Amino acid sequence: MTAARQKWSAEVTEQSDAMDLEDHIFESDDARKIAASLKRSAEHSHRRKAEPFQSAMSMLNFYINRAGKNLPATRRRVLEHAKDELRVAFGREKEG
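Just so you know, this note's numbering puts 88 at position 88 of the sequence shown, and the rest follows in order with no gaps.
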């Protein structure tokens, strides 16, 4: 597989109608901070096509799925917890 083909997800993030995100937000160990940043980005983005909650959750899921099995368990736990924090931030019920 070519290097260009392997980096398709980075291009999607930069060139698509994806939201503009805070730099390195997915590297944070604070799920609430991640959720708050995604919420801010979704609410202020002029590039999103869906409702803010859906856009924010989609970006979080995109990042998790993009990392796949290379995502360490500790990072996955933080990011999965960020989903619950995102639901709370948007006034939705937590799953499970």
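Read the hints as simulated data drawn from the structure, not as lab findings. On a predicted model such as this, the values are computed, not experimentally measured, just so you know. Treat the hints with care, as some may be off.
Unchecked claim - Calculated cross-link-like contacts (lysine-lysine; reagent style PhoX-like; alpha-carbon spacing at most 20 Å):
1. LYS33 <-> LYS83
2. LYS83 <-> LYS69
3. LYS94 <-> LYS39
4. LYS39 <-> LYS83
5. LYS94 <-> LYS83
6. LYS39 <-> LYS49
7. LYS94 <-> LYS49
Okay, the hints, checked on the actual structure:
1. LYS33 <-> LYS83: Given pair LYS33, LYS83 holds - Cα atoms ~11 Å apart, limit 20 Å.
2. LYS83 <-> LYS69: holds, 18 Å
3. LYS94 <-> LYS39: At roughly 16 Å apart (the allowed maximum being 20 Å), LYS39 and LYS94 satisfy the hint.
4. LYS39 <-> LYS83: holds, 11 Å
5. LYS94 <-> LYS83: holds, 8 Å
6. LYS39 <-> LYS49: holds, 15 Å
7. LYS94 <-> LYS49: violated, 24 Å
In summary, the one numbered hint that this structure violates is 7.
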